[in-house]
Every structure is written in C-alpha cells, then in structure tokens.
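Colleague: Listed below are the residues making up each chain.
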Amino acid sequence: MQIGPEETLRLAEMLRIRLSPDEAERFARDMSSVLDYVEVLNRLDTQGVDPLGVGLNKEALLREDVPGDSLAPSDLESLSGGAYDPARNAFVVQPVFE
Amino acid sequence: MSITPEQFASLDLAATQAGLAAGDFTSEDLLTASLARIQVSEPRVNAILTRDPEGALAVARQADRQAKPDPRPLAGIPVVVKDNLMTRGVRTTCGSKILENFIPPYDAGAVEKLRAAGAVIVGKANMDEFAMGSTGENSAYGPTRNPWNPDRVTGGSSSGSAAVVAYGGVAAALGSDTGGSIRQPASFCGLVGLKPTYGRVSRWGLGALASSLDQIGPLTRTVRDNALVYDVIAGHDPRDSTSSPEPFQPCLAKVPDGVRGLRVGFDPSIFNRDGLDPVTGQTLRQALDVAAQAGAELVERELPLIDYCVAAYYVICACEASANLTRYDGVRYGVRAAGDNLWDSFAHTRGSGFGDEVKRRIMMGSFALSSGYYDAYYLKASQVRHLLVDAFSGLLREVDVFLLPVTPAPARLLGTAATPLENYLGDIFTLSANLTGLPALAFPAGATAGLPVGVQAMAGYFREDLLYRLAAVVEQALPVTGLVPEGCPWQRPALEASA
Numbered sequence: 001m002q003i004g005p006e007e008t009l010r011l012a013e014m015l016r017i018r019l020s021p022d023e024a025e026r027f028a029r030d031m032s033s034v035l036d037y038v039e040v041l042n043r044l045d046t047q048g049v050d051p052l053g054v055g056l057n058k059e060a061l062l063r064e065d066v067p068g069d070s071l072a073p074s075d076l077e078s079l080s081g082g083a084y085d086p087a088r089n090a091f092v093v094q095p096v097f098e
Numbered sequence: 099m100s101i102t103p104e105q106f107a108s109l110d111l112a113a114t115q116a117g118l119a120a121g122d123f124t125s126e127d128l129l130t131a132s133l134a135r136i137q138v139s140e141p142r143v144n145a146i147l148t149r150d151p152e153g154a155l156a157v158a159r160q161a162d163r164q165a166k167p168d169p170r171p172l173a174g175i176p177v178v179v180k181d182n183l184m185t186r187g188v189r190t191t192c193g194s195k196i197l198e199n200f201i202p203p204y205d206a207g208a209v210e211k212l213r214a215a216g217a218v219i220v221g222k223a224n225m226d227e228f229a230m231g232s233t234g235e236n237s238a239y240g241p242t243r244n245p246w247n248p249d250r251v252t253g254g255s256s257s258g259s260a261a262v263v264a265y266g267g268v269a270a271a272l273g274s275d276t277g278g279s280i281r282q283p284a285s286f287c288g289l290v291g292l293k294p295t296y297g298r299v300s301r302w303g304l305g306a307l308a309s310s311l312d313q314i315g316p317l318t319r320t321v322r323d324n325a326l327v328y329d330v331i332a333g334h335d336p337r338d339s340t341s342s343p344e345p346f347q348p349c350l351a352k353v354p355d356g357v358r359g360l361r362v363g364f365d366p367s368i369f370n371r372d373g374l375d376p377v378t379g380q381t382l383r384q385a386l387d388v389a390a391q392a393g394a395e396l397v398e399r400e401l402p403l404i405d406y407c408v409a410a411y412y413v414i415c416a417c418e419a420s421a422n423l424t425r426y427d428g429v430r431y432g433v434r435a436a437g438d439n440l441w442d443s444f445a446h447t448r449g450s451g452f453g454d455e456v457k458r459r460i461m462m463g464s465f466a467l468s469s470g471y472y473d474a475y476y477l478k479a480s481q482v483r484h485l486l487v488d489a490f491s492g493l494l495r496e497v498d499v500f501l502l503p504v505t506p507a508p509a510r511l512l513g514t515a516a517t518p519l520e521n522y523l524g525d526i527f528t529l530s531a532n533l534t535g536l537p538a539l540a541f542p543a544g545a546t547a548g549l550p551v552g553v554q555a556m557a558g559y560f561r562e563d564l565l566y567r568l569a570a571v572v573e574q575a576l577p578v579t580g581l582v583p584e585g586c587p588w589q590r591p592a593l594e595a596s597a
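Sequences listed follow chains W and A, in order. Number 13 in my numbering belongs to position 13 of the first sequence; there are no gaps in the numbering. To get my numbering, take the position in the second sequence, counting from 1, and add 98.
Hints listed in this document are in silico derivations from the structure and should not be mistaken for laboratory results. As the structure is a prediction and not an experimental result, all values here were calculated from the model. For each residue, glycine too, the CB sits at the ideal point set by N, CA and C. Among the hints, erroneous ones may be present.
Said to hold, decoys possible - Restraint ranges, calculated between C-beta atoms of paired labels, are given here:
#	chain 1	residue 1	chain 2	residue 2	range
1	W	Asp75	A	Glu198	16 to 24 Å
2	W	Pro86	A	Ser450	24 to 32 Å
3	W	Val92	A	Glu400	52 to 60 Å
4	A	Ala156	W	Gly68	37 to 45 Å
5	A	Ala156	W	Arg63	51 to 59 Å
6	A	Lys195	W	Gly4	25 to 33 Å
Unchecked claim - Some chain A residues well away from chain W (every beta-carbon gap over 12 Å; in silico):
#	residue
7	Gln164
8	Gly359
9	Asp365
10	Gln384
11	Glu398
12	Arg430
Claimed, not checked - Selected chain W positions facing chain A (in silico; Cβ < 10 Å):
#	residue
13	Arg16
14	Ile17
15	Pro21
16	Ser33
17	Pro67
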C-alpha cells in the first residue's frame with residue numbers, strides 16, 4: 001500500500017496538523033513502508049472471528065452519575081497557554097463563523 | 099545529613115523502611131540524598147524533566163512528624179513518576195512541547211495511591227513523546243542516556259523512570275507500558291519492571307496513548323520492591339471504566355514462595371530466531387536453568403502468533419492514538435500557536451507542538467480508520483488480536499509462566515536510529531502482553547559488554563504473584579544489581595563478572 005505526499009498532506013490537513021512539503025515526503029515514505037509490512041496480517045484467516053475491543057471486562061462497567069465538585073476557576077488558570085479567560089470564566093477562541 | 103547520596107542509592111525499600119523506623123535517618127534526610135544524587139547524575143543522564151523539591155519537602159516533613167513505625171508502606175520514601183501521570187500543581191508534559199506549560203489540577207489515580215501510601219514524589223521522569231518510542235530518543239526534551247553507558251539508549255518509552263532508578267536517584271519509579279515501555283527500559287537498565295494485567299492499575303489521569311493497551315506499573319532494582327509498589331498502586335477505580343473489579347490479592351508476601359512444581363514454558367525456536375543476539379538467548383537459557391534447578395518443570399511450547407504481533411499492534415496503537423490525541427488543540431490546555439483563524443491555529447499548534455513520531459502515528463491511525471480502509475486494517479488487526487487472546491488462553495492452560503526475551507538485543511547506541519519500521523520490530527517480544535492484556539515482568543538475568551540483559555515472564559490474568567516468584571528465584575541465583583556501581587559509573591566490572 002503506497003501513500004503519496006499529496007495524500008499525506010490532505011490527511012494532515014484533515015487532522016489539523018501543518019506539515020512542510022519535506023515532512024509530507026518523509027511521512028509518506030514511512031507510512032507506506034509500515035502499511036506494506038502490515039500486509040502480513042492477511043496471511044491469517046480471520047473469517048468469522050469477532051474483533052476484540054477495549055478491556056477484559058465482559059461488559060462495560062457503569063457507575064452512578066454522582067454530581068461532584070467541578071474544577072475551581074483557579075484550577076483552570078493553570079490549564080491553558082492562553083485560551084482560558086478568567087474574567088469571563090470561559091475558553092476563548094477565534095470566531096468560527098465570520 | 100545522616101545518610102549520604104551513595105548510601106541512599108544502594109538502599110532497597112525494606113532497608114529504607116527499617117532505617118526510618120529505627121531513626122537512623124529521617125525522611126527529610128532521604129529527600130536531601132535523593133535530590134543530591136539526581137543533581138549529580140542529571141547533567142549526563144537527563145532522566146528528570148521537572149523536580150519538585152518544595153512539594154517533596156512538605157511531604158517528607160509531614161512523614162517525619164508521624165509516629166514511628168509509620169504503617170504506610172512508602173511513608174517518607176522518595177519516588178519518581180513518569181511525566182504522563184498527572185500530578186496536581188506539578189508540570190506534566192508527556193514528553194511533548196505541546197504540553198510544555200501544562201500544570202494539571204488533579205492527581206492521577208496511581209499517584210493518589212502513592213501519596214496515600216506516604217510516598218514523596220521528587221520529580222517527573224523524561225519519556226518518549228506521548229509514550230511513542232522504544233528508545234527514549236523521541237522526547238521533545240532530549241534523550242535520556244543509559245546510566246550503564248551514556249552512549250547507549252535507555253530504552254523507552256519510560257526512559258527517565260528507568261534511568262533514575264538505575265543511577266540511584268530513587269528506589270522506585272512509575273512508568274507506563276503500552277507495548278513494552280516499562281519492560282524494555284527495565285531490561286536495558288538492569289531493573290525489574292512490571293506491566294500489570296490490563297485493568298489492574300487505574301488509568302485515570304494517565305495521558306493516554308492507546309487506551310486498550312496502556313497500563314501503569316513500577317520499575318525498581320529488586321523484585322521485592324517491585325511487588326511492594328505494585329501492591330500500593332493496584333486496585334479498582336470507578337473513574338476508569340476498564341478498571342477491573344476482580345478482588346486484588348497482594349503479591350509482596352508471595353515473592354519468596356519459590357517455583358517448585360510450577361510449569362515454566364519456553365519456545366526452543368526462539369534461540370535460533372533471526373536477529374536474536376546470542377547473549378540474549380544465553381540469558382534466557384540461564385534463567386530457564388535456574389527455574390529448573392529450583393524445582394520448576396520446563397515445558398516446550400510455541401510462542402503463539404509472534405510474527406503477527408508487530409503488525410496488529412501498530413495498527414491498533416496508531417488508531418487509538420489518533421483518537422486520543424485529537425484533544426491537543428491548544429484550546430483547553432497546553433501550548434497554543436497563533437493562526438489566521440481557529441482552524442489555522444489548530445493546525446499550527448499541532449504542527450509545531452507534536453514531534454515526528456506523534457504526527458506519523460496520528461496520520462497512520464486516521465488513515466487506517468478511514469472509510470474504505472477500516473476493514474483492511476483496524477478490523478483485521480482487532481480480529482488477529484482475538485486470535486492471539488485465544489492462543490494465549492490455550493498456552494496458559496498448559497504452563498503457569500512463559501519465559502521469553504524482552505528485546506532481540508541489548509541497548510543500542512544513541513543516534514543510530516533505524517527506520518520507524520525497524521524500531522517497531524524491536525518490540526516484537528513485548529507486544530503480546532499488551533494485545534492480550536496479560537501481565538508481564540522484565541527482570542535482569544545477565545549482561546554483555548557492560549550492559550544488563552533481562553528476560554521476560556508472562557502469566558495468566560491477575561497472576562502477577564507467579565511472575566514475582568519466578569523473578570525472585572532468578573534474582574537470588576543470578577544477582578545482577580540494577581544499581582550502577584560507585585566510582586566508575588560508566589564501567590561495569592561487577593556485572594561482567596556475574597555474566
């Protein structure tokens with residue numbers, strides 16, 4: 001399975017990761033080689049085998065939804081490099097709609 | 099101070115507890131010695147990203163005010179935790195630039211348990227970025243160097259946790275293991291490292307790499323110390339929905355129980371495997387001989403589906419990582435890079451905040467999960483995972499413990515990076531335990547050219563006690579100290595002699 005630099009750039013764009021053309025070239029090469037290697041799985045017959053997901057518990061463990069303490073505004077101030085605005089007690093981002 | 103940094107470095111946890119109870123030294127003395135040891139070693143090793151001398155001192159002094167003997171198992175004892183475990187008020191970077199300024203407002207579940215046991219957390223350990231790596235070289239804060247030989251890697255991703263224990267900065271550290279990230283650096287640094295049964299230690303407050311594979315566990319210089327710390331951090335936590343409600347049986351008291359009558363499995367074809375370093379094979383054989391002499395029955399069995407583990411693992415891990423790492427967008431926490439608009443800010447934050455391996459895995463995982471490829475990659479890998487679980491269930495009905503190498507070869511030279519795929523192939527022996535959720539323990543059993551070599555034991559779910567019993571027998575017969583010796587920190591005469 002080969003992925004080209006163009007496809008890699010498109011993938012990165014969807015994942016909101018800015019890549020340089022040089023990075024796209026390099027990652028395309030790396031990913032293609034890993035995807036080629038992964039083909040080894042096709043040697044195994046998995047017809048009718050259920051996929052195994054997360055965890056060993058037979059069923060999802062649920063718990064009561066008990067209201068607890070929220071983070072204090074003073075806790076939030078330590079969280080962010082700038083998005084948290086204590087005056088408004090909100091995370092402030094640029095407008096999504098103009 | 100009534101204990102020197104050198105004396106402190108050679109103390110195990112039992113001796114530390116005894117010394118505190120007898121009043122030979124105080125917890126504050128221990129902290130001073132620990133910080134001094136770290137201060138001297140760090141310029142060469144780079145194991146610690148953040149030190150917390152003030153926070154640690156407050157806890158140490160509090161421990162010193164308690165009546166003696168203090169029943170809490172780690173009361174007043176310095177420890178280090180990997181930097182992907184949330185620590186309230188102490189910077190937690192996950193080894194990434196994107197969390198360079200992140201100070202969590204809460205403690206991880208495992209950290210809470212350490213604190214409740216009285217532990218003094220002196221600092222946060224270096225690691226491969228978001229635990230993606232098996233050498234320690236993928237940290238955004240520079241590689242950790244192996245204390246046995248600074249030209250070598252420590253292994254990863256719990257690189258700093260291993261190095262700080264090996265150079266005697268602390269007797270115990272916590273790491274996390276998604277594909278070998280505790281066991282592999284433990285093996286490269288001459289330590290005991292446990293990847294517990296999946297669900298045994300709470301993942302609440304662990305910076306997630308791959309949620310179905312991640313487990314937190316201890317790295318220590320002795321088997322007994324490892325069991326002691328494991329007993330502290332294990333147990334159900336309702337805040338982690340994958341945490342097991344299975345009652346926990348403490349392991350410490352069982353460590354000396356021996357292996358008489360235990361069935362110890364191994365795969366004889368391993369010894370002839372391409373790429374297996376001869377000393378690694380000899381070390382495994384040596385450990386098997388010790389087990390047999392101690393009364394275990396050796397049983398030959400094939401190590402199941404070993405040639406499919408790397409492929410299945412890297413698909414599943416990348417898929418889960420790509421989902422887990424979407425949260426790092428520079429809004430709710432971490433570093434935020436400016437952009438012309440919100441999307442541009444996200445892309446710039448993630449493009450400049452993540453390192454190469456992280457970007458690669460996010461892209462790989464999203465590609466494998468995308469429409470049209472999902473069945474071929476993620477679904478296929480998850481089916482293979484099921485086959486692997488079934489195969490190991492069968493195997494572990496026939497043997498109690500299975501012994502295998504930790505890595506194909508000892509620690510390689512720093513900066514001799516292979517391709518990503520070649521690096522992934524080095525994880526071949528550790529991945530089964532994560533894919534199946536089984537517990538696995540790495541422990542030292544030999545040496546080559548001044549570097550320690552470990553072996554790995556796997557057992558059935560929740561049978562960590564069997565792993566410790568076997569490791570304790572090997573430890574006694576083949577004493578390979580995990581502590582880098584005084585006087586010649588980069589030479590290993592004592593170890594060579596024991597090999």
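Colleague: Each hint: holds or not?
Modeller: Do the hints match the structure? See the list:
1. W:Asp75 / A:Glu198: 16 to 24 Å: Taking Cβ atoms as reference, Asp75 of chain W and Glu198 of chain A lie about 19 Å apart, which means the hint holds.
2. W:Pro86 / A:Ser450: 24 to 32 Å: Hint holds: Cβ distance 26 Å, inside 24 to 32 Å.
3. W:Val92 / A:Glu400: 52 to 60 Å: Holds, since Val92 of chain W and Glu400 of chain A (Cβ atoms, about 59 Å apart) stay within the stated range.
4. A:Ala156 / W:Gly68: 37 to 45 Å: Between Ala156 of chain A and Gly68 of chain W, where Cβ atoms are some 26 Å apart, the hint is violated.
5. A:Ala156 / W:Arg63: 51 to 59 Å: Taking Cβ atoms as reference, Ala156 of chain A and Arg63 of chain W lie about 33 Å apart, which means the hint is violated.
6. A:Lys195 / W:Gly4: 25 to 33 Å: At roughly 28 Å between Cβ atoms, Gly4 of chain W and Lys195 of chain A fall inside 25 to 33 Å, so the hint holds.
7. Gln164: Given that every Cβ of chain W is farther than 12 Å from that of Gln164 of chain A, nearest at about 28 Å, it holds.
8. Gly359: holds, 27 Å
9. Asp365: Fine: 19 Å to the nearest Cβ keeps Asp365 of chain A off the interface.
10. Gln384: Gln384 of chain A clear of chain W: closest Cβ-Cβ about 32 Å, beyond 12 Å.
11. Glu398: holds, 23 Å
12. Arg430: Not fine: 6 Å to the nearest Cβ puts Arg430 of chain A too close to chain W.
13. Arg16: With a closest approach of 4 Å, the Arg16 of chain W hint holds.
14. Ile17: Cβ of Ile17 of chain W sits 5 Å from chain A, so the hint holds.
15. Pro21: violated, 13 Å
16. Ser33: Holds, about 5 Å.
17. Pro67: The hint is violated - Pro67 of chain W has no Cβ within 10 Å of chain A, the shortest such distance being about 14 Å.
The structure does not agree with the numbered hints 4, 5, 12, 15 and 17 stated previously, though it agrees with the rest.
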